[in-house]
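Novice: One-letter residues, chain by chain:
There are 2 protein chains.
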Amino acid sequence: MAEELLSARPKWSWVNLATDVVSPSALAAFLAELGDIPHDTAPNTVAAKSRDFFWYSPILKERLADRVGDVVVTPRSEADVLAVARLCAKHRLPLTARGAGTGNYGQAVPLHGGVVLDMIGMTEIGPVVDGAVRVGPGAKLKDIDKQTRPAGWELRMFPSTYRTATIGGFVAGGSGGVGSINYSGLAERGSILGARVVTLEAEPRVIELRGYAAHCVQHAYGTNGIITELEMPLAPAQPWTEIAVAFGDFMELARFCLAVGRADGIFKKLITAVEWPIPRYFGTLKASLAEGSALGLFMIGTASLVAFDEMVAAFGGDLVYKASEADVAASGAVPIYEYTWNHTTLQLLKREKSVTYLQAAFPDLAAVEAMQREFGAEVSQHLEFTRANGEVVVRALPIVWYTTAERLNEIIAIHEARDCPVFNPHTYLIEDGGMKVTDAAQLAFKRVADPLGLLNPGKMRGWTP
Amino acid sequence: MAEELLSARPKWSWVNLATDVVSPSALAAFLAELGDIPHDTAPNTVAAKSRDFFWYSPILKERLADRVGDVVVTPRSEADVLAVARLCAKHRLPLTARGAGTGNYGQAVPLHGGVVLDMIGMTEIGPVVDGAVRVGPGAKLKDIDKQTRPAGWELRMFPSTYRTATIGGFVAGGSGGVGSINYSGLAERGSILGARVVTLEAEPRVIELRGYAAHCVQHAYGTNGIITELEMPLAPAQPWTEIAVAFGDFMELARFCLAVGRADGIFKKLITAVEWPIPRYFGTLKASLAEGSALGLFMIGTASLVAFDEMVAAFGGDLVYKASEADVAASGAVPIYEYTWNHTTLQLLKREKSVTYLQAAFPDLAAVEAMQREFGAEVSQHLEFTRANGEVVVRALPIVWYTTAERLNEIIAIHEARDCPVFNPHTYLIEDGGMKVTDAAQLAFKRVADPLGLLNPGKMRGWTP
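Taken in order, these protein sequences are the chains called A and B.
For the record, in the first sequence the residue sitting at position 75 is 255 according to our numbering, with numbers rising by one throughout.
For the record, in the second sequence the residue sitting at position 141 is 321 according to our numbering, with numbers rising by one throughout.
Simulated from the structure, these hints should not be mistaken for lab results.
Do not rely on the hints blindly, as some may be mistaken.
A pair holds if it fits inside one copy or across any two, identical chains being indistinguishable in the list.
[To be verified] Computed cross-link-like contacts, SDA-like style, restricted to lysine to any residue with a CA-CA straight-line distance of at most 25 Å:
1. K502 with G374
2. K502 with P416
3. K326 with A510
4. K270 with S504
5. K502 with D310
6. K502 with V308
7. K270 with D216
8. K241 with F603
9. K502 with V309
10. K502 with E611
11. K502 with G391
12. K530 with E471
13. K502 with R390
14. K533 with A593
15. K502 with E304
Whenever a hint applies, use it, and build me the whole structure from the sequences.
Specialist: If you want it as structure tokens, here you go:
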């Protein structure tokens, strides 16, 4: 049945991907049957929609630059998705679903051509019911908040690409971000309430996943089903204030951040610490900073400002920026979260071509200090404090002043040797990014939802037909 | 000046308190100058208003039963409070402020007679501003929520006496309760935003305490100022569902509770575990319970019910009760929190005269198991899970099947020898209940606000004139 395609299955190496090309006749047949479902084969459009922000990684940049699909299809509804899935099964075309393409790991890059399914048209946002909202995968995160906030609710967490990212792309590839200091990551039980998923089969089905079962499509890059609706739990909304605090010493800032994270009486949504020279690249935020400063970036509940300010004073920090989220929005200023998480890296990449980054977990602040000593200026520390298993933990996206792939791998190895696991952002394979092993539930669901192995092929190492 | 009073100062012993009596002439002069400020000297009224729920403790019951004030004064305003404070200073009368008298440690019991200042008339509740509310000390906790919830906010934490307790009494004597699994206790930085406090001096002043400074009147039993207004931070409100889950094994329930506490993706407000026979005393809740069952009591955010139910199933619990907070209120059923915290003890005291309780902190669940083995049926385990310093911790109010004071002290000593600190609920001295040492800020503020030592005299061990 799918023999010819399966024989062309990627061999999970960095090379010979280019041997997998879609047959022109299959593509032509697909297009002929697509009917009125919006699509585009213009090379520029297809190339643009075959990319994401993988270029943060010099390694992915080299490996993925030439990967493009053959056609961009933009479904308007679940019915369109079902129709496209049926045609892909019929003509044995790979299908790679994408949101806004704001991910960094090639999630949205079709390794083997075929259909790029642009979910940007499915933007429905339902009413808030029992603190949850059902949304189309193409709904932008900021638009969800805009619609739910008048009802008193907001998204629990979002990536720094909040203003452009879609909920489908975030769930399919993301892990957490702003808000994870309260609710941990997307993988946490309760962070996704349900998902509707279209299978890729001769007769595609819609599968409703409820509760923890819905997590099997989370961080699966669209390899095991096409998400057509998500039910997301919300948090009761509250006004947030964006704050930056400067410290002379980075480790003192880090201790302050940990204390704020552990201060159960203080509402917070974001706790970020960066060492010099990172804040030198922070637009207007750098104006009032002394050379060499470490900078903490925070979103604090407005009701907790008095307590927070007292902590700043107790730790000897210097408050250099404070603005309510509402004022930031009204003024058009850059929201503070666009200096955090992977936007930190972006701020540097705008001016420095030689930087890249890692994603790491530090067991404690002593490990941060050890890595600081180990690498000096070669690695600029960038910490993100989140919650995991009920505790505040230290995550990091350190900036690496890049020389060679070999040295980058050495830096990773040194981290791991010191009990600082690295979630490698320089791979497009799901497993290699963080989990190291294939998620059994993800794989099992792929056998159900994608028996032909056509969904975003080449991204899940554990898949064999 | 105050020599005669100071010479009569209590000697911090359980005995000779009865020697401290208010002179009839001073009282008469006070009453003559009180004007139209409402007051009552009827012995029954004064006796009733000189009590709180200290009788949970057989030791306090014996020690405090005969302690009464001389007059109950019910101020209508801060101006009334200032006038009463001035008269107490002038006539050297002790003043003991009280809320609803729902505390358990004799906080509201005047050890040396004098004025009982009943704050129940000062019930003002302001609008929600920036997630906080200014309230009179006599405002009932339930009334605050009733007024703030339409604006989308609710109290962060409350004791199990929520339906009758006042905010002033809670702040002056309480430590935490329902909600502490999110926000820790009242002592936590950020849990109180401000307080207005009237001093007891010849010319009483109003002192505005802001931020952490306001904490010096928290858990001070009204010994260092008369609270006339509080600014309390709120939490964004959300619908809660009340749930009871039965387990065959208490330690398995305890592990489940800890896991729920650490589940960052699940909204919770209450996590309580009690072992058999405690649930036998739980009214309608006991109906569906098998003999010997351990019972978990929870308030879970409605948006998290799916995830919670999945955890119950994973741990092998048996869901025996589930009702939305709104349905409970509408039906007039007993809210689930009235089976938790110190209401657990009350449920038993309604039918068993020989029980009392402790308050303890367990370093981990192994310690719970050790105490369970140590005491068997003599101590029935009752755990309350809260947050402290950013982590989920195990607090306890174990039921003690009381024999003698000596044995009770032995039980306390055994706990402490095994690293389970006991916050002794069988003392009316602030320090002996939990802190062990006098809070320096509390004492320093008492020197400012109560130089004559007339505020609730006899409760702060560290006070010397």
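Novice: Broken hints, numbered, in rising order?
Specialist: Of the numbered hints given earlier, those the structure breaks are 4, 10 and 15, listed in rising order.
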